[in-house]
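As given, the protein sequences belong to chains A and B, one line each in that order.
Read in order, the letters of the first sequence are residues 1 to 140 in our numbering.
Read in order, the letters of the second sequence are residues 1 to 495 in our numbering.
In short, the hints are calculated from the structure, not lab data.
Values in this document were obtained by computation on a predicted structure and should not be read as measured data.
Keep in mind that a hint or two might mislead.
[Unchecked claim] Simulated crosslink set (EDC-like; lysine to aspartate or glutamate; CA at most 20 Å straight-line):
id: 1; chain 1: B; residue 1: K493; chain 2: A; residue 2: D91
id: 2; chain 1: B; residue 1: K479; chain 2: B; residue 2: D54
id: 3; chain 1: B; residue 1: K52; chain 2: B; residue 2: E468
id: 4; chain 1: A; residue 1: K58; chain 2: A; residue 2: D5
id: 5; chain 1: B; residue 1: K153; chain 2: A; residue 2: D139
id: 6; chain 1: B; residue 1: K397; chain 2: B; residue 2: E273
[Claimed, not checked] If the Cβ cut is set under 7 Å, some of the chain B residues that face chain A in the computed set are:
id: 7; residue: L6
id: 8; residue: L7
id: 9; residue: F21
id: 10; residue: S25
id: 11; residue: V59
id: 12; residue: F61
id: 13; residue: G62
id: 14; residue: G63
id: 15; residue: L164
Every residue, glycine too, gets a C-beta built ideally from N, C-alpha and C.
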Amino acid sequence: MKTNDMIIQFTAKIVFFIIFFFAIHIFLAGHYTPGGGFVGGLLASSAIVLLVLAFDIKTVRTVIPVNYTTLIGIGLLLALATAAFPMFKGDPFFTHYFDYFTLPLIGKTSLHTAMLFDTGVFLVVVGVTMTIIQTIGEDE
Amino acid sequence: MNNFLLLPIIIPFFFGMILLFGQKSLRFQRGGAMIGLIISFACAVALLFKVKNDGVQTVTFGGWPEPFGITMVSDMVSALLVTTTLLLAIFIVWYGFNSIGTAREHFYYYPAIMMILTGVNGAFTTGDIFNLFVFFEVLLMASYVLIVLGGTKKQLAGSIKYILINVISSALFVISVAYLYSVVGTLNMADIALKIAEVNQPGIITTIAVLFLLVFGLKAAIFPLYFWLPTSYAAAPPPVLALFGALLTKVGVYAIMRTYTLFFIHDLSYTHELLLWLSVLTIIAGCIGALAYFDIKQIIIYNIVIAVGVILFGVAQMNEDGLTGAMFYLIHDMIIKAALFMLIGIIVYKTGTTDLRKMGGLMRSSPVLGWFYLIAAFGLAGIPPLSGFVGKLLIAKGGFEAGNLGTSIFILASSLLVLLSVIRIFIYAFWGEEQPTKPILSKKQTTQLFIPTAIVIIISIAYGVGAEWLTPFMNDAGKTLADPSIYIDAVFKGE
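Bound-form chain A, shown alone (with noise of 0.2 Å):
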């Protein structure tokens, strides 16, 4: 008999947007409370996995088309770019700014480039830890 696995491909679609945005709320959180861009990326990269145990690789690669080395390469231009950027300025490497600024809906946020950097080490996280995943996955 086929088996139908109906009630946990239901219950995957719901929980993975649930787990995606708690990743990002830690990834954004990281700044002043436990968090940052390191589990912000385990843990969006914890939400495809569910999707990959609920369906399968195949579904999930044309549902989510990133090429996950790709992705790794580009967090990692980041990271580097936002630490080499005050090179240009004639400040030390990995030196950081911050501002405050009045933006619309959220009001007066203060923003800092260690987001830009952190947003780096996220991609590269996910990147990692997808193509560990996939490559083991889909050995014969």
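Chain B: place on chain A using the hints.
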């Protein structure tokens, strides 16, 4: 504020990332790798002259005050090593074009090389003990990739041993740093040196010194800890072997050099005496290995062990002559090991075997290769005016000055065994009856391999003949090593 000293680290890193894209385009991969190496080499040379003219260069990340941020320090020692590393990398990558095989080139061979260079240059430049650990991991991760890439049975067997031993030594490294941090409360190398000088190196610091010797000794392959090196290195394909033989153990040697001239200098009669005897035993063990084998790869690999012993013997003298000699010999050894591994790579590609007893008569079919091999062999043994001479002379002089008469004479005598071990290759492979060969690469390909090899050998000859021009650089390096206050003052120049 001076970011220039970071360029030889950042540029290979940047090109490594760029090469992650365009995996299938050989022209992009090769061209990108070559351009990256040449640009970073140019920066390294410029840095070398800047350090020569303006003194030690430092930068602290993020503009933090000195002991709190990660400081990168480029003194003469590190500038020389970085320049040599990038120079050799250019020729080894060139050598790889015709021998590594397109399957490997399509699978992140060049990004791994770029990352290994990032790690090596970073480890040579950093002024923070934990950052040193991170750069060690960067270069080790990349070296794991390079050693296993291709996935032949021999490579897999060699890489298991290699990874296992390095994971253990990295864990020990973290533990040693944790001990050191709990005693002195700082990670900045200049600050550690100051704090240790304040408490005048009590017993616990000496214990940590021995722990560090254990850690870096595992990476550098000193006497009781060199057991992993022969089998794991023999697994790597020739271009990778040349890269490893020229660079990787030297990072461990550099780390011992740095810690034993900057931190642990208040109990010389224990720490440096230990280093001295270990280096002598390393040379003996290396000589036994180099003479015992009929496998050409193993003979040269055991010569790495011998060279590590000679360099550390120079460091153990703790006087300016010994340290300058150690620097001279370190750079010489990087160049000559790259040249020798490239040469025996060609011999293996020509004959299809690594067993000396199955070779012979190569002199008739390739005389130029034979003469270049002979020059490299004499250079390794230190016959004047070739490159190994000045370094070993200064090391022996330093040894005599420090009153280590017997061991210094032993160092000089060990050169004879080194010469014997490499001349055996010459006698077996180049003289005698011609033997049937099973060439792995075509004649045209081996000729193309020979060009970068010949250039490296010519560089090594120039290094020996032009020692006079290099002496000011080497003297600066020796002075910085012999007098830690130069390093410490450069880092804390603001106060």
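Taking the hints in turn, this is what the structure says about them:
Taking the CA atoms of B/K493 and A/D91, the gap is near 18 Å; set against the 20 Å cutoff, the hint holds. Taking the CA atoms of B/K479 and B/D54, the gap is about 15 Å. The hint holds against a cut of 20 Å. Distance check on the hinted pair: B/K52 and B/E468 sit about 16 Å apart at the alpha-carbon level, within 20 Å; holds. Distance check on the hinted pair: A/K58 and A/D5 sit about 17 Å apart at the alpha-carbon level, within 20 Å; holds.
Restraint check: the Cα-Cα separation between B/K153 and A/D139 comes to about 19 Å, which is no more than 20 Å; the hinted pair holds. Between B/K397 and B/E273, the direct Cα distance comes to roughly 17 Å. Compliance with the 20 Å bound is thereby established for this hinted pair. Taking 7 Å as the C-beta contact cut-off toward chain A, the hint placing B/L6 at the interface holds, the least distance being around 5 Å. Interface restraint check for B/L7: the shortest CB-CB distance to chain A comes to about 9 Å, outside 7 Å, so the restraint is violated.
Restraint check, B/F21 versus chain A: the minimum CB separation of about 6 Å is within 7 Å; hint holds. Taking 7 Å as the C-beta cut-off, the interface hint given for B/S25 is violated, the closest approach to chain A being about 14 Å. For B/V59, the interface hint holds, since its Cβ comes within 7 Å of a Cβ in chain A; the closest pair sits about 5 Å apart. Satisfaction of the interface hint for B/F61 is found here, the shortest Cβ-Cβ separation to chain A being roughly 4 Å, below the 7 Å cut-off.
A hinted interface residue such as B/G62 counts as satisfied when its beta carbon comes closer than 7 Å to some beta carbon of chain A; here the least separation is about 5 Å, so the hint holds. Hint on B/G63 holds. Least Cβ distance to chain A is approximately 5 Å, under the 7 Å limit. Checking B/L164 against chain A: minimum C-beta separation of about 20 Å lies over 7 Å; hint violated.
Checked against the numbered hints above, the structure breaks hints 8, 10, 15 and satisfies the rest.
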